[in-house]
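**Q** Sequence:
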Amino acid sequence: MGVFLLKKIRIVCVGKLNKQFCRDGCDEYLKRLKPFYDVTVTEIPEQPTVKREGEEIIKRLGAGDNVLLDIGGEQVSSEGFSKILYDGHTRADCVTYIIGGASGVDGAVRALCRKRVSFGAVTYPHQIARLLLFEQLYRAATILNRLPYHK
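Going by our numbering, the first residue of the sequence shown is number 4, and it counts up by one from there.
In case anyone wonders, no lab produced these hints; they're calculated from the structure.
Everything numeric in this text was worked out from a predicted model, so none of it was measured.
A virtual CB, placed ideally from N, CA and C, is assigned to each residue, including glycine.
Check before you lean on any hint, since a few could be wrong.
[What the hints assert, rightly or not] Ranges of calculated distance between the beta carbons of each label pair, as one might list FRET restraints:
1) Gly75 - Thr52: 17 to 23 Å
2) Ser81 - Lys37: 18 to 24 Å
3) Pro51 - Asp27: 28 to 34 Å
4) Pro151 - Glu58: 39 to 45 Å
5) Ala111 - Phe24: 28 to 34 Å
6) Pro38 - Ile74: 28 to 34 Å
7) Thr45 - Gly110: 17 to 23 Å
8) Leu115 - Glu46: 16 to 22 Å
With these hints in hand, go ahead and build the complete structure from the sequences.
**A** So, in structure tokens, the structure goes:
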């Protein structure tokens with residue numbers, strides 16, 4: 004009998020979660036995601052410049068499919084978001100989602116991303132953006148597995 008390997012999701016983000024409600028929410032969705040994906044989170048300390056943050060992000064990308072959360076990205080429905088995750092895993096075992104810092108991300112990071120996704124025209128603090136990302140990843144998992152949560 005073979006070993007079943009979960010697809011991987013990597014979250015690379017600038018800054019730490021220091022708001023308790025964001026930590027609690029992310030922990031809850033991480034727990035919910037465990038049956039579906041192997042999720043890792045890499046936090047990059049805030050840097051003095053966007054260029055320097057970009058260099059730190061790029062060091063941690065590795066092989067796989069990259070998706071940038073970006074206010075200028077494509078606004079997609081939850082079903083569209085789940086398709087981006089599915090398509091990413093058809094290309095690679097790991098899909099990496101990137102959340103930049105307060106000043107955005109360097110163009111060098113954008114150039115390495117297959118998709119740029121926006122959660123709307125408003126700007127969110129990176130901690131809330133991370134919580135929204137975790138919720139949408141869980142929602143995508145339920146959509147892809149035809150489970151009732153997403154309704």
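**Q** Hint by hint, note whether the structure agrees.
**A** Status of the hints after comparison with the structure:
no.	hint	in the structure
1	Gly75 - Thr52: 17 to 23 Å	holds, 20 Å
2	Ser81 - Lys37: 18 to 24 Å	holds, 20 Å
3	Pro51 - Asp27: 28 to 34 Å	holds, 31 Å
4	Pro151 - Glu58: 39 to 45 Å	holds, 43 Å
5	Ala111 - Phe24: 28 to 34 Å	holds, 33 Å
6	Pro38 - Ile74: 28 to 34 Å	holds, 32 Å
7	Thr45 - Gly110: 17 to 23 Å	holds, 21 Å
8	Leu115 - Glu46: 16 to 22 Å	holds, 19 Å
Of the hints listed earlier, there is not a single one the structure fails to meet.
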